[in-house]
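**Student:** Chain by chain, the residues:
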Amino acid sequence: MPAFSTFYVPRDVAYRRLAAPTKLLLPLALMTLAFVVQDPAANLVVALAVVGLLRLAAVPWRIVRGFASVLVTLVPLVVVLWTLFYRSGDLLLAVGPVHVTVGGLTRSVATAFRVISIVLAVPLLLGVMPQQDLVAALRWFRLPYVLCFTLALALRMIPQLERDLATIRDAQRSRGIELDRGSLLLRARRLAMVVLPLMTVSIARLETLARVVESRGVLGARRRTFYRRPRPRVVDVVVMTASIASVGVTWLLARSPTWGPYLR
Amino acid sequence: MRFEFGPRQVVIVALGTALYAVMNWLSASFQTVPGATLIFPATAVAISFSMWFGFWGALGAYFGTIIGNFAWGTAVHVGITGGVHDMIEGLIPALVFYAAGDRLRRDLGDARSLVTYVIVGVVIGTGVNAFLGNLNYVLWGLQPFNAIWAGLWTWWLGDAIAAAVLGIPLLRFLTPFVERTTLYHEAFFARRRALA
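The listed protein sequences correspond, in order, to chains A and B.
Residues 1 to 264 in the numbering used here are what the first sequence spells out, letter by letter.
Residues 1 to 196 in the numbering used here are what the second sequence spells out, letter by letter.
Calculated from the structure, these hints are not laboratory results.
Be aware that a few hints might be false.
[Said to hold, decoys possible] So, partial list: chain A residues that the calculated Cβ filter (under 7 Å) puts toward chain B:
1) L153
2) A188
3) L206
The beta-carbon is built from N, C-alpha and C at its ideal position, and this holds for glycine as well.
Work out the full structure, taking the sequences as your base and the hints as a guide.
**Tutor:** If you want it as structure tokens, here you go:
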């Protein structure tokens, strides 16, 4: 999987020109839709919508692949868990304690598509805008400034931690410590040789950072202004409204006696 | 009870979030079932941060879960509720050690502190997290209710191994270092205890 800090690759396509709040809301709406519906066909439609948007957004395959690799283990496990542990409807197969039912099989396929939608919606969120735009979008949605600042600080720390981690791992390897070999317990114990220095370095850096935050008056009560603010256009308003409406309408339809059986 | 919120608490939450997310990310490659891994190093971050920085350290685990959860193919929605049980995992041993005051040492420097940590941190805290974590997956329809017991053992084992193999050396060797910084929290919500 690519490093957390390298998901965003700039591309000049129409989807990328949408405002940051739109690019945040759309994947979140699709994730929510994946939870609202619970039918193989309906979940497949959501998954296809996510794939279509990934193409529209021109998210590089290497980024998508990093996330999609999780599905190789996740989808078979989800299918097995739901098929074996969920019993509903007609019995299809009974071998000893194992009972496969129509309901179990249907739910397993629906959940597999649900998981695919959710996993692939993540690169649609992280791969189309830089981290500062993500935080600006959160701020646009009126999240408290301290929360946005803390998240921005955390996101800025992640690349630094990844670099520190790589340096420490290389340093340990140069001493002849094999971090990726041996039994699980041995590897776990050797992980301490990486985690301990990483935390020491990070905490030592934290004191300086606390003084910087204090001296810049981050927690002051004054009203703040921002250099970069998302400015949604008409198309953004339309897309955001459609996203919210589609979730709301689908939720209502899923509970109606007429459409419910097709969606849940 | 003293309550303190300032730049120190902000940076503690931010670092806790970042470290938890990076560790979460690392452990995703050891995933066995949805939400469970052979070893989950982020557990050690949640526990040690909660022990050193009280509530603010645990809050880092909460936000870290939301951000780090992306690596597990779980949605933000799942992370928002899931962060609560990851926070509880660190809070259980932390609350016991904070409540005990000077009778227990956070650097696990005596047998009583070490045994207490193993019971409340390695066994109970991770067990509660594994159970609530599986319930969370059931809540969001990612796992059937009957599969809770199947998922619970692998989840608990991954967290317990990390709490023991990583958590103990972290607390043992880094607590004296953290105590010397201005970030260390003597009280659960504040750096200094209230004067009697």
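**Student:** Now tell me if each hint is right for this structure.
**Tutor:** Here is how each hint holds up against the structure:
1. Residue-level restraint check for L153 of chain A holds (minimum Cβ-Cβ distance to chain B is 4 Å; threshold 7 Å).
2. At a threshold of 7 Å, the smallest CB-CB gap from A188 of chain A to chain B is about 5 Å, leaving the interface hint in force.
3. This hint holds: L206 of chain A has a C-beta 5 Å from the nearest C-beta of chain B, less than the 7 Å allowed.
Violated hints: none; the structure is consistent with every hint.
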